[in-house]
Amino acid sequence: MYVAVKGGEKAIASAHRLLAHERRGDPEIPELSLSQISGQLGRAVDRVMCEGSLYDRELAALAVKQACGDLIEAIFLLRAYRTTLPRFGSSEPLDTANMQVRRRISSTFKDIPGGQVLGPTFDYTHRLLDTGLEGANVDEPHLAPAPSAPLPRVTDLLGADDLIEPSPEEVPGRPVEDLTREPLEFPASRELRLQNLARGDEGFLLALGYSTQRGYGRTHPFAGEIRLGEVEVEFFAEELGFAVPLGQITVTECQMVNQFKGSATEAPRFTRGYGLTFGHSERKAMSMALVDRSLRARELGEEVKAPAQDEEFVLSHSDNVQATGFVEHLKLPHYVDFQAELGLVRRMREEVAGRQHAGDGKLQEAAE
Amino acid sequence: MTAPAYNFAYLDEQTKRMIRRAILKAIAIPGYQVPFASREMPMPYGWGTGGVQVTAAILGPDDILKVIDQGSDDTTNAVSIRQFFRKTAGVTTTTRTREATVIQTRHRIPETPLAEGQVLVYQVPIPEPLRFLEPRETETRRMHAHADYGLMHVKLYEDIARHGHIATTYAYPVKVDGRYVMDPSPTPKFDNPKMDNCPALQLFGAGREKRIYAIPPHTEVVSLDFEDHPFEASRTDETCALCGADDTFLDEVITDDRGGRMFVCSDTDHCETRRVTATAAPWDSEAGADHV
Chain A
23 MYVAVKGGEK AIASAHRLLA HERRGDPEIP ELSLSQISGQ LGRAVDRVMC EGSLYDRELA
83 ALAVKQACGD LIEAIFLLRA YRTTLPRFGS SEPLDTANMQ VRRRISSTFK DIPGGQVLGP
143 TFDYTHRLLD TGLEGANVDE PHLAPAPSAP LPRVTDLLGA DDLIEPSPEE VPGRPVEDLT
203 REPLEFPASR ELRLQNLARG DEGFLLALGY STQRGYGRTH PFAGEIRLGE VEVEFFAEEL
263 GFAVPLGQIT VTECQMVNQF KGSATEAPRF TRGYGLTFGH SERKAMSMAL VDRSLRAREL
323 GEEVKAPAQD EEFVLSHSDN VQATGFVEHL KLPHYVDFQA ELGLVRRMRE EVAGRQHAGD
383 GKLQEAAE
Chain B
-10 MTAPAYNFAY LDEQTKRMIR RAILKAIAIP GYQVPFASRE MPMPYGWGTG GVQVTAAILG
50 PDDILKVIDQ GSDDTTNAVS IRQFFRKTAG VTTTTRTREA TVIQTRHRIP ETPLAEGQVL
110 VYQVPIPEPL RFLEPRETET RRMHAHADYG LMHVKLYEDI ARHGHIATTY AYPVKVDGRY
170 VMDPSPTPKF DNPKMDNCPA LQLFGAGREK RIYAIPPHTE VVSLDFEDHP FEASRTDETC
230 ALCGADDTFL DEVITDDRGG RMFVCSDTDH CETRRVTATA APWDSEAGAD HV
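Going down the list, the protein sequences come from chains A and B. Here this note's numbering is used: the first residue of the first sequence is 23, the next is one more, and so on. Here this note's numbering is used: the first residue of the second sequence is -10, the next is one more, and so on.
Think of the hints as simulated: they come from the structure by calculation, not from any bench. Computed from a predicted structure; not experimentally measured. Be aware that a few hints might be false.
What the hints assert, rightly or not - Reference excerpt, derived from the structure (chain B facing chain A, CB under 8 Å, subset only):
1) -5
2) 30
3) 31
4) 34
5) 158
6) 199
7) 215
8) 217
9) 264
As the list claims (entries may be wrong) - A short, non-exhaustive set of chain B residues, derived as facing chain A with CB atoms under 7 Å:
10) 21
11) 24
12) 25
13) 33
14) 36
15) 66
16) 87
17) 97
18) 125
19) 175
20) 177
21) 218
22) 222
23) 240
24) 241
Don't be surprised by glycine CBs; every beta carbon is placed ideally from N, CA and C.
Could you build all of it, start to finish, from the sequences and the hints given here?
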């Protein structure tokens, strides 16, 4: 009987129908709404927006739902949609100094102008499962009045004394590079590296950042500042001649203060690593800042020897949509290649058997 | 949220133009890997996104499309890609190699010789033939620029020294037009001679790796070898249990758990055509329905 399949179309349609059934789960239990997902699984939605490179809570919530909570699958859904959208241009640089801060901490100074603002955080919670969580009433939060003036960034305070390297100068009129519109080539600019890291897999960056802390490309990091809040997005409209606000987005920014650098002619000062993510994603922003700093090894005259310092290694493997596709493509049929290998192995085994049969007993290595 | 409306063959025209420019460059420099701004596609990387983008960029409304995976029109991924273009481009599809104007393939070249005017689009996972000898893109690009292929010959020599054969059975490297060493994608080396002086245009798309390369019609494609170890397009010595072919690439099908097995043509269209045209076929004919 010839088993190789006919009727693949029918099988695929049936498999997808079964998936839809499993996605819905028990019909006796109410269906999840998109607003429930974006409201109550906010960090999942944030991650999908960030690595999906598309700021749209509703679409991200839909993707999470459609993907049955598989976040990489949800990221993939969002990316595949994003790629079809027209590109009008680039926004003005976000001004995170003017952020409406909801959380802001520094580990380099005990107190800073504007203070340490803990905001909504898992930090200092005891990780004890709260069996009373379901259905419990939630107390109204205590809210302080919003600060009257923007909170200065810690790196700007250090920068005032020239103790830390300045942000790279803006080059007026230079077009913004776009990872999604030009193929990535090496060596890549820091701008492109940061784009790559911003959409890179949180787990991959976490592991790489962690590796730098354990000595694989150490950078002596301090969390200069982590801030979370809302920033204005502006777009310069040619026909109007000025920047128009497009709306607000939530971002998490991390500025790492790293190992100082100086020379015979230049006074030493701290260097920095930068992380920025959509939504509330501190782990990702911190990991990104660590890896950004590590990837600056060559620029800062450090020896490149650890994986986190290796631009080709990091940038080529950070994208989880690419990674999951290629890993999972091993599910596709490979029987043609396998057949070719099978043929070769059988032939070589016959040759070995033939030699053994011929009585010379021992295998001859043709050469070393 | 509004329902997204997609362009003919999914990609927007600007993207198609970008891909066509890369294709033209690739045709102008046979075997050279042209970087292109590969898009995210609605199927996963590694599942044919490069081939799909190339096909989407060259497809016209009058084209007739055939999609194969492992030589077969009915493997799940071939079915999925064929459905994708039927849905987004509304083109006619076929399983007949002769009828098709564009054939997208994974891992095989059809047994039926291709003709002038046809385009064969390969899905490519790793476009760089030197990748497993040198992992760095900056290095391999330099090696190609200098036509520095010594490393590849050393690898093939080491195979012979160790195994008595060149132990590469698929994705067997070729030299195109006497200049660039090229990865033919993971086709079995049995298919390599079909690439040489082929009247059809051969395009290779690697989506995840963002590379397009090409073999223009009637271009010399030589499989790398040594004078005393000439290239050999090997196949098993079996014949197809369905059509009796003794000159095609065969799949081995395990039929029971007692060592029973049969060999059948990997190219299902070729096999069916042979069975239909055979005057008195002694084999059980189970030819499937057309997918038009």
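Outcome of the hint check:
1. -5: holds, 7 Å
2. 30: This hint holds: residue 30(B) lies near chain A, its Cβ roughly 7 Å from the closest one there, short of 8 Å.
3. 31: Given a least distance of 4 Å, the restraint on residue 31(B) holds.
4. 34: The hint holds - residue 34(B) has a Cβ within 8 Å of chain A, the shortest such distance being about 3 Å.
5. 158: Nearest chain A Cβ about 4 Å off; hint holds.
6. 199: holds, 4 Å
7. 215: violated, 14 Å
8. 217: violated, 13 Å
9. 264: Hint violated; residue 264(B) Cβ to chain A Cβ min 11 Å, cut 8 Å.
10. 21: violated, 14 Å
11. 24: holds, 4 Å
12. 25: holds, 6 Å
13. 33: Interface hint status for residue 33(B): holds (3 Å vs cutoff 7 Å).
14. 36: holds, 5 Å
15. 66: holds, 5 Å
16. 87: violated, 21 Å
17. 97: holds, 6 Å
18. 125: holds, 6 Å
19. 175: This interface hint holds because 5 Å falls under the 7 Å limit.
20. 177: holds, 4 Å
21. 218: violated, 12 Å
22. 222: With a minimum Cβ separation of about 11 Å from chain A (threshold 7 Å), the hint on residue 222(B) is violated.
23. 240: holds, 6 Å
24. 241: holds, 6 Å
The structure fails hints 7, 8, 9, 10, 16, 21 and 22 (numbered hints given earlier, in ascending order).
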